[in-house]
Structure formats: C-alpha cells, structure tokens
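K.L.:
The lines below spell out each chain.
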Amino acid sequence: MLLEILGLLIKISLVVGITQGAVAYLILVERKIAAFAQDRVGPNRVGPLGLLQPIVDGVKMFLKEDVTPNYVNKPIFILAPFLTIVTAMIGFAVVPFGPVGPNGPVLMDGPIQFQIAPGIDIGILYIFAVGSLAVYGIILAGYASNNKYSFLGGIRSSAQLISYEIPMGMSILGMVLLVGSLDLNSIIEWQSKHVWGILVQPLGFFIFLICAFAETNRLPFDLPESEQELVGGFHTEYSSMKFGMFFLGEYLHVITVSYLVVILFFGGWDIPFVTDSAQTGWIFAMIKVAAMLGKVLLMIVFVMWIRWTLPRFRYDRLMELAWKRMIPLAIANMVVTATVLQLVRG
Amino acid sequence: MFEIQPLQLIQCLIACLSGGVGTYLMMPHRRQFAKPGLVFAIGLGLILFAAGQLMMLGGSPTPIVSKVFFNIFAIASVVASALMITARDPVHSALWFAVVVLSTSGLFLLAGAGFLAAGTVIVYAGAIIVTFLFVIMLAQSEGKAVYDRLARQPAQATVTGFILIWCLLIVILSNPGNTYFQSGSNSSASLAPRLIPAKDLVNYKRLTATNPTYMVMGKTLTPEITLPDTIQATLPAGIPQPHVAGLGAAMYTTHLISSELVGAILFVALAGAVVIATPRVGGESS
Amino acid sequence: MTHSAWLVPTLPLIASLVTALFGRRLGEKAHWPIVIGIGSAFLVSLGVLFGLDHPEKIHLAEWIHVGSLNVPLEFRVDGLTAMMLPMVTFIATLVALFAAGYMAGDPGYTRFFSVVGLFVFSMTGLVLSNNYILTYGFWECVGACSYLLIGFWHEKPSAAAAAKKAFLVNRVGDLGFAVGLFWLWTVIPDHNLAYENVFGMLSQISEIDRLGIGLLFFWAATAKSAQVPLYVWLPDAMEGPTPVSALIHAATMVTAGVYLIARSTPLLVGIDTMAPIVATIGCLTALMAGFYALTQTDLKRVLAYSTISQIGFMFMGIGSGVGSVVQFAVVAGMFHLFTHAFFKALLFLGSGSVMHAMGHVIDMRRFSGLRHRMPITCWTFLVGSLALAGLPPLSGFWSKDEVLAALSQASHVSEHNGNHGVATLYSMIYWAALFTAGMTAFYTFRAFFKTFFGPEKLPSPNDPEAAHDDHHHHGDDPYFGKESPYVMTLPLQILAVCAVFVGMVFAEPTTGWFAHLVEHSIGFEQLPHAEAHGFDWVTAVLGTTSGLIGLGLAYVMYAKPSELPAKIAKTLKPLYDASLNKLWVDQIYYAVFVAPLLALAQVCRYFDTYGVDGLVRTVSLVPRNIATGLLQRFQNGVIQAYAGVAALVVVGLLVILVLT
Amino acid sequence: MPNSIFTSADLTAYLAIGAVLFGLGTIGFLSRRNLIVMFLSAELMLQGVGLTLVGFGRYHGNWNGQILMIIILTVAACEAAVSLALVVQLFNRSKSLDVTIWRDIREAGLPALVELDQDVEPFLAAPGSESYPHLSPSGREPEVSVVASGQRAN
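Line order of the protein sequences matches chains Z, W, F and D.
Note that the numbering used here has the first sequence beginning at 1, numbered continuously upward.
Note that the numbering used here has the second sequence beginning at 1001, numbered continuously upward.
Note that the numbering used here has the third sequence beginning at 2001, numbered continuously upward.
Note that the numbering used here has the fourth sequence beginning at 3001, numbered continuously upward.
Quick caveat, the hints were computed from the structure, so don't treat them as lab data.
Since this is a predicted model, take the numbers as computed values, not measurements.
Check each hint, because a few of them may be wrong.
[Stated by the list, open to error] Partial selection, computed: residues in chain W whose CB lies under 7 Å from chain Z:
| id | residue |
| --- | --- |
| 1 | Val1121 |
| 2 | Gly1246 |
| 3 | Leu1247 |
[Said to hold, decoys possible] Among the chain W residues that face chain F by a calculated CB cut under 10 Å, a handful are:
| id | residue |
| --- | --- |
| 4 | Gln1005 |
| 5 | Leu1168 |
| 6 | His1255 |
| 7 | Ser1259 |
[Said to hold, decoys possible] Distance condition first, Cα-Cα at most 20 Å in a straight line; then the derived SDA-like pairs of lysine to any residue:
| id | chain 1 | residue 1 | chain 2 | residue 2 |
| --- | --- | --- | --- | --- |
| 8 | Z | Lys74 | W | Ala1277 |
| 9 | Z | Lys74 | W | Ile1276 |
| 10 | F | Lys2457 | F | Phe2480 |
| 11 | D | Lys3095 | W | Ile1276 |
| 12 | W | Lys1067 | D | Ser3008 |
| 13 | D | Lys3095 | W | Asp1089 |
| 14 | D | Lys3095 | W | Lys1067 |
| 15 | Z | Lys324 | W | Ala1269 |
| 16 | W | Lys1067 | Z | Ala22 |
| 17 | Z | Lys324 | W | Ala1277 |
| 18 | W | Lys1067 | D | Ala3108 |
| 19 | W | Lys1067 | W | Gln1053 |
| 20 | D | Lys3095 | W | Val1146 |
| 21 | Z | Lys324 | W | Ala1041 |
| 22 | Z | Lys74 | W | Gln1053 |
| 23 | Z | Lys60 | Z | Ala22 |
| 24 | W | Lys1067 | Z | Ile5 |
| 25 | Z | Lys32 | Z | Gly21 |
| 26 | Z | Lys148 | W | Pro1279 |
| 27 | Z | Lys11 | Z | Ile90 |
| 28 | D | Lys3095 | W | Arg1149 |
| 29 | F | Lys2029 | F | Gly2105 |
| 30 | W | Lys1067 | Z | Leu8 |
| 31 | Z | Lys74 | Z | Val86 |
Built from N, CA and C at the ideal position, the CB exists for glycine as well.
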C-alpha cells in the first residue's frame, strides 16, 4: 500500500518535472521555428545554438517584479493562473506514456505502468472533463482584471471554448465506437491490432485537429489574446510568474492535445509491424515510449508550424465554423460510423 | 417505525442548530453590532463544525483512502454550498457552486459512478456554470448591487431550510433498514423486502452464482453485482463490473423511452432558448 | 361496355382531385383535367348507352356493413341511368369548356373546376347507384357541391347568403328523404334497400306505408327540384357563376328530384292519391314560377323561374301516372327532363355569354339590341327560346306535347274509372299547363327581344338604373360589348344543334327510342301500360297555338320600343306587383318560420344569460368571497414565498412519514 | 472504493449529504434575491437529489440511479439554457436582476413584502481608482458586415 503510494508520487513528480522542463524548451523550439519561418536566425546568444535561452527566460520570469493592480478582484486574480496550470497538469493523470498492462517491464514483482492512474476506464471522458475546466482560468483572469480588454478576452474565450468542446467531443465518438472503450490504453491496443485511427476516421481526425487548435487558443484561433484588438487579452494585467503560468498552461495544453491526437489517431506507441501489446521487457517498453514521444514531438512542431502559416480568424467566422461546419460534420461522422458498424457487425 | 438512536438524534439537532446559526450569520444582511467580516468568519466556523458533526453521523466507507477522500469531498461540498448561497458576489456564488459540483463528482466517483462523475463535470462545471458566469458578467460586472447585499428574510428562510434538513436527516437515520443492517442480525429479516424485493434477490443470486452473463438485445453482458453487504458476502468474488457498457445497456433498453424523451426535451429547450434570447428586430428590447 | 360504367363517376373524381392538388401549378390550364375527365366520361357513357342490352349490376366494394344493414358500393346500369349519364356528362363537358372562357382570370379558377368535377362525380354516382342509401349519399354530395358553387364568390355577401339559403332549404328537404329512408328500412323485411330488392317486396309493404314513404320522398324532391313550397332557394342560387347555373340549377342537379320520383315509381304505383298530389304541386309550381317570370328584369332570374316552371311540367308529367298511364307518364316526365336539359343549358350559357360581354351586368333594362354585336349568341339563344316555347319541330315541342298528352290521358282514364273528381282535376291541370305554355313563350321571348332587339344600348356606369352598381369595372375588359370567344360560342352552337334535333331523334312519335329505353329500367316491367300511344294531334295544335300566342304578344310588346308594357302594367297594377314581388312568398316565409324562431332563440338567450348563468354566478360567489377574504393575501407574487410554502409542505409530509 | 462493498452506512452518508445540499439549496432559493443565484441554488438542490439517486443506485446494485441522474443532468442543462435566456430578457427590460421586482402575478392591493433598501450592509470597495468595464463599442463596425446584414434583412 505504502509502496503503491510512493510509486505514484514518483510517477507524478517525474511527469510534472519533465513536462515543465519540456515546456521551457518548447518555447525555444517555437522561437526557432518562428525565426525559420520569417527567415531569421532566432535566439543564438545564450549557450551553444541558444540552448540555454529557456533557463535564462525562466530566471527572468521569476525575478521580475510581480505587479498586482489595486483595482483587481484580488482572490480571483490570484486564483486564475493557478487554475490554468492545474487544469492543464491534471489531465496527464490518465495519459499513457508507454505500454500499460500486465506485459510491462517488471520491477519489484509487478509490471511498471507508464501511466499515473492505470485502470480508469473512462480516460477520454476524464480528459474532456478536465479540459472543460480550463476555461475557468481564462474567464476568471479576464473578469478579475477589471479591464475592458481583459474582460472581452475572457468573454470571447468562454464562448469559443464551450463552442469547440462540442464538435471535439463528438469527433472522437467514431473512434470510441470502433474500439468499444473509453480507455486510452485500449484505444492504442486496438490500433496496434488493427489499423491507425487516422485511416478509419479521417474526418474525425480533421475535426479533432481543428477543435484542438481552438481549445488550446493557438493560432489561427487565438482570439482571446489577439494582440491587435485586445492588447494582450485576458493576461494583459498579469506580470512576472503569474504571466508565466498562463504561458506554461498554454504549452501544457499543446502537449496534452498532441498526446491525445497521437493516442487517438496515430496509434500511440505503435509502430506498424514492429510492436504489439504482447511484447514484454525493458527494450520494447523503451521503444514504445520513444515512438510515442517522437510522434508527440512531431505533432507539437506541426502545431507551431501552423501558427506561422495561417492568419487569425474573425470572431464571427470562428463561431460560424464551430456551429455551422464542425458540429454538423461531427454528427455526420458519428452517424455514418455507427451505421457502418451496425451493418458490418450485424 | 421511529427507530433512531437518541445519540444520533442529539447529534442531528446540534448539527442543524449550529449550521442554521452559521448560515444565518453568513447571509448578507444588515449588521450593526459587529464587522461583517468577523460575523462571516464565526458563521463559517459554525458551518464547519456542523459539517464535522454530519460526518460523524453518517459513517463513511471502510478503506482508509476512500474514507479520507470521502470526508474531504463531503465536507467540501457542504461548506462550498453554504458559501455559495451566502456569497455577496454572484461570480463567487458560481465559483463556489463549481466547487460543489467538483466535490459531488468526487462522491460520484467513490460510489462507482465514474461516467457520471465525468459527465457532471463536463456538463455542469464545463458548460452550465460557465454560461452562468457569462451571463453574470454581461448583466452585472460587480457584486455591489443592493439586492445582492441584502437577503430577503434570511431568518425565516434559514429556519425553514434547516427544519427541512433536520426532518430529512431524521427520516434517513430512522430508516428501518438502517438498524437491520447495522446490527447485522437477522432479527428483523421481515423488513428486508423493503429495501430490495425478495424476488429480485433470488434472481440476483441465481444470475451471479450460476450464470455470470445474460443476454440483452443479443449482446452478452455481465450482471451488476453490487448488493447490500449481507447478501454480497455470499456471492463469489472476482466477477468484473461492467461500467459504461452496463450503463449504456440499461439506458437504451430499460430506460429507452426516458432517453428519447430527454432528447426531445433537449431539442425543445434548444429551440426555446434561441427564440427567447434572440432580440426582436425593432422590438422594445435591445 | 356497360360493365365499365363505374368509370363514369370515377374519371371526373380523379380529374377533380388532380385539379385540387396540382391546380395551382397548372395555373391557366387548370380546366384541362376536368374537360378531359368529363369528356372521356361522356364517351364512356355513350358506350354505355349504345351497349345497353339488359340491365346490369356492378359490384365495386363493401361500403357499410353493420349488423343486418349491408350497403354495398354498387352501381346499376339500366334505361334511366343510360339515359341520364350521357346527358349529364355531355352538358357538363360543354359547360366546362364554356367556363374555361367565362371564368378566365378568376382567382378561384382551379377551385371552380375542382368542384365542377366533384359535382359531375356526385351526379353520375347518384344516377348510377343501385341502392337508396347510396343514392342518399350522392344526393347529399350533390347538395354540398351546389353549396360550394353557389357560394363560389363567397366574398360577396349576397352569394354567401344565397349559398346558406340553398343549403338550409335543401336540409329541410333532405330531412324528408332521411325519414323516408328510415321508414322504408323498417318496413323492408330484410332491411336491404337495393332497388331490385325493394321493388321485389312491394307486396309485403302496406299501401299506407308506401304512400307515406312516397310523400316523404316527394318532399325531398320538392326541395332539390325547387317545387312549391321549397323553391325559394333557386332564384337566389343565380348568385353563382353562370356556368354553374347552367349545369346545376337548370340541367342536372335540380332534376335529381324528378329522377328520384321516377326511379321510385314502382314503389308508388297503385296508390291513387299520390299521382294527383304530384301533378297538383307541379302545376302550381309551373303556374307560379311562370307568373313570376313575366316581370323579372334580370335575365338570369327569368331563366331561373322558367326552370322552376319547367320542372313543374316534369312533375305534372310524372304525376299524371294513374291507372294504365303510369309508364307513359314517367316517360313523358323524363323526356321533358331530357330535352329541357339541352335547351335550358343553352339558354343559360347564352345568358352567360351576354353577361360576359356586358361586363357582368345582367339587368335587361341596361342593355338591348345586341343582335348585331353578338350574332352567334343571338341565334343560339333564339333556338333555345323557340325550344322552350315548345314550337315544332324543336325538342321542347315533343316533350311538352307528351306531358300534355299524358295529362289528358290521365283525365280520360280517371273518367273511365269513375273517378270524376280526379278527372276534373286533371283536366284543370291540363288547361293550366296549356296556359303556362303560353306564358312560357311570352316571358322567354320577352327576354329575347329585350336583350337582342330594339335600339342598341350597352350598360354604362352613368345609367340611372345602375344604382346598385356591380363592382366589375369593364374598362379594360377586351370582350366588353363583343361576341364571346370561340371556346364559349362553340358549346352554344353544339347545344343549339342538340336543342333542335334531340326531340326528333328520341321522341315517341318518331323513333320511340326514349320510351323503349325507360321501359328497360328496374321495376318498370311491373308498371301497367296501355298500348302504344299515338301522336295527340289536338294537344299538339293547342300547345303550339298557345306558344305562338305568347310569342306574338311578346313581339308586339317588346320587339320595338313601345309604351304598351308600361300601360299594361299600370292597368293591371295589383297583378304586376304580385308578380314582381313573387307573391311575397319570401316575406311570408320570414314572418311564419324565421321570425318565430328568432323570437324563440331570443327567449333561450335570455334564459341562458339570466337563468343558467345567474345560478352559476350565485354558486361562484361562495369560493370567490372565501378567496378574497382569506386566500388572496398568499398570492403576493414573490416566487420565494411560494417556494417556502412548498418546503414547509415537504416538512409536513416527512413528519407524517416518520410519525406513522 | 468503486469495487468494494457499499454498505448501508455508506448509503446513509450519501443520503445525509444529499439532504444537506438540498436543504441549503432551498435556503438559497428562499433568501437570495439575485435571479442567477436563485437558479444556482436550484441547481444545488438538483445536485443533492443526484447524490441521493446515485447512492441508492449503488446500494441496490443497479443502474437506475445513475440513469436518473443523467436525465436530471440533461434537464438541468435545458433549464439553464432556457432560464438564462429568460434572465437576459428580464434584465434587458428592467436593468436589474432583482427577483422581487417581478411580482406581476400577485393579487391586487397587497403590500410589498421586501424590506426597504436603505438597511444594506455596506459595500467595501477596493481602495484606489476604479475602472469597471463598460462594454461600449470600441471603434467602428466593419462596413462589410453592415452591408451584409442589410442585405439579409431585405
């Protein structure tokens, strides 16, 4: 019992530490990609190839003066960035980083599970539930700042996030129907046994990807913080590490979403013809973890690439896209999948 | 039938009294004798005390982890709801309600209703409360309106509410099944059918003991086996519990019509909300 | 061919449905389905007529089957049917063609044709049905169509009132039919009201029952066929479009009563009191209507009264069926019905053509001398008038002659049987009929001369007579003052040809085809009949003379403008007023029937307001006082107060639950 | 715990918490005057009922409780949608969320039951200059959308 709890704590600290560190370097990656897209060099002064830049950035964040304006709603103003980062982090509880199940590498009489909370059979629902809480951070930040632009940003984001949650939830239903389970690990195993999700659910993948961009407030859907219209959006009044937390939360969301895309549509740890769920031992476990990480990295790079490729949407177009395009498409995808399944399985 | 233990009765009364006084003190009202902040703090303390009494009343699950989490969620939900109904700022109200929903979801999770827990968070916390916040922010951006700082007849309301709570608690605690299962004896076995019909008991036993699967619309399903403890003790262990699949099967077979009706209601509400909220062109409302 | 007779009602029904469903899309072509449907129904009924060698029964389906009551959907083709079907469909086809021109541009164009199709369906079904109950059903359908068509321009208050009046008066008659049916149902042992069954069981029905049933049926017929005392609806029915007047209120529907009595003749034969009653009522109607028609200024009303009068002739013919004359009487009545249909439809369509050209003005005082402007209408109208006046050798002559002959024979036979009173009655009716024939010629040609002769004059809004002006503005009417289009004059010419020849082709003295046909109807073989009837030269001469006198008078008075009519009107002022005001029958009906009913309704209303309502109000005072005194204060409008009460009620329930 | 035994003591605990939530919701509904807080209180009562249902369902070992809770969830969503639409309409008419001013269904001639507004607990404003957001239009509306909406209106 105690050992279990200890293992759990180790896993949690590992995940938190790695993801936080990853975020720091993701910012560097983003800046490099931005520089590439704009035909610049990018940060290259701190350390070799600018590799120490994230550390310096972090130090700067911590050392800056933390300004809290006196007209803000203080409790909520302080609560908002924490909410953002917490909701972004706890989603990782059910994400499998590698193989999960009885075939994992054995350590101290038990297989290691590359997942903080194995055996939760409603993994996807959990992630959606947690993801739906992410809106609080933004809307409360906007409200508590007591600032016209922040407020508008918060209002915009709440409408945007609620709207895009619907098609996002519906787009994965096709995969859920195919697999017959809400457990992320089962979904990966089904894909390794049969075929990657993107091949059987291309429309679902497409809708999910677009909604993921909107849910993470990334370009071309970063309306809540669009600089030209709203100064800085909901985080205009924030400074220092509170601002850093919003930044962190955004990148954590990107990582979560990338994991989801990889798990749902790109087979998770699966490499065709190489891996399957029956393999045991450390070597295969490491291969699987690496495969998963690689795919997630590619996905993150894709997200950043899109940022420097597409211009921002107008707000009414954004809502129209959700309600008039995405939702009908998602419903059609679901109905067609269900019908075909019923016909095939009888 | 009034089979409540005197100790429980007294505990109940103390919890209700302290809770009632605490709630009354926390209510937004005219205060002349003390600072509002102090009164609020005293009320909150009383509420916490009442919640603790309540925890002692009801008992809690046996495994230690579950016990801890159960108590955390229960106290959080009770205290958060008390704060919700007394908050001056409606935005705070909504946020406290979000806390209530989250802790209730935790309780759902502890009762084995994981799907429902996630669903409640998605629907309530993710959509309904956000919409409420949205409207509050549009309608009234600061909690300084007169009607938010002045409750309507707080004393009468609190008394009514806590009489209701007290009655409910007495009814719950004086449940005949309560004494039957707590004593663990078969002395009042004749009362058992009030909890679960004898016929169903036999069926459950037969199903779970001899035939662990049964057919629903051509699909094989494992029966749910969560039963009152005395009966459950006699059953073979290790039969897996279907969760979402079982819920879905029950929902779309036994409760099919209800599901359809709910869908219809949802559709009608959608249309109704659109019609009501759309501003009339050239009408009196902006 | 006879077995396909069921097509005759079915085709118009389909056409009607097609028009009703797709009429909007057809637009100006909405008449095509109806013209084609009725036209093909006419072809089928021609086939039925020529292919008829023996009566045939067509069983289509079960309709009502309750206990011992079994009403099949069954058609019968026999002589009467085979005679009626082509007549109805032929005239309906021509009227539909005419209406295609007449109704053009009317907003209710498709509705009109749809109802016309429905009407033809009902009428052909009525004559085809082999069962009293089915007949009753179609009888009501016909009435409904009539209601729809009279009230076709329902936005006009007068049209709506006329439709209501027609419907109500027909209700009064239909009551008679219904009660007669009930009576018949009780006296027929096996409750089967098929014609052959009823006529086969005559021996088992007592004479008094037969008389009662017959009188009730005749009561129904007086309403449908506009006889005294229920004729009042027909003149008002002229509010409908003129083609409707031609089709329904002259040629076909109004003859349904005559048809019913003719069809039921086997049921009534042998009852001596029945025939004189029918003949008397017919004679009275013919005289009265003819009298009214003398002074009418409205062209359509003249024709309407002449229709009533001519149907009176038909009833006179049927009513002369005493003793051995029965079969001949029926033949005479039905033959007059047959010929009358052609020339009356012709006259009505002619008047429609005049109306069309005059911008829907029909008052004869406002136009005259139209013979040069509308030559085709004029000549066809002349043919119709001659036929109506009964001048040889046109069709009206032959049929009127047969009616008169039947009357004189009835008188002889009664005399022979020693029934002096009845004989005297019949001879009086005979002379009255001759007089009426003269009146007919007079008013017909009065209308003809006033319309087509004299100085040329067109209606204009400045006319002092146009006080109650119509709302039709004919400023841009391309047909104003001109001959009607081809689609309207063609039916006129066809009908004119028919009006000339149809009598000669079918009449007794020439071919005897008609009598031969009618004798092949169900039950008619039981009717007593004398040997072949020769041509009655005396009657023919007398009738022709009477008609010529009427014609001559009309020529003298109206062919050229003269002071003569006004002088005569002044001399015979009481008679003139009586005719102009139609003997004040409408006013008498109002005073006798409508006013007492209204008074009774008023009494009921006051009883309801003060008696019943007063009681209810008194009772309601009790809770009201309790509410205002005690309960009102709880309705304070604050939702939370209500919710608090609800919470306390829950507390109370819980207390009860715990303590018990 | 989901896989462990659910005793009647557990059931009692669930029922007790449900009852307390229900009662507190009642109090909130009875005493608060803000329409939105009243609706939140009603939702709180629904949560209490949901706890009861789930507890009973678990205790009896069937799904009925959870299914009823799902139905409640749906109805709550509908209620939120419709009621919020109504609240927005009411607010547009009276510029206030106070429920006590909507008393149109009361009998005539009854006195007002609400205390007068002068005895209000003081509002402790945050020190310093305040700038509350006022949603005034910033900048001109894009002309394209005006033309488009004009065409749509025609």
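K.L.:
Check the structure against each numbered hint from earlier and tell me which ones fail, lowest number first.
P.N.:
Going through the list in order, the structure violates hints 2, 3, 4, 6, 7, 8, 9, 14, 16, 18, 21, 22, 26 and respects the others.
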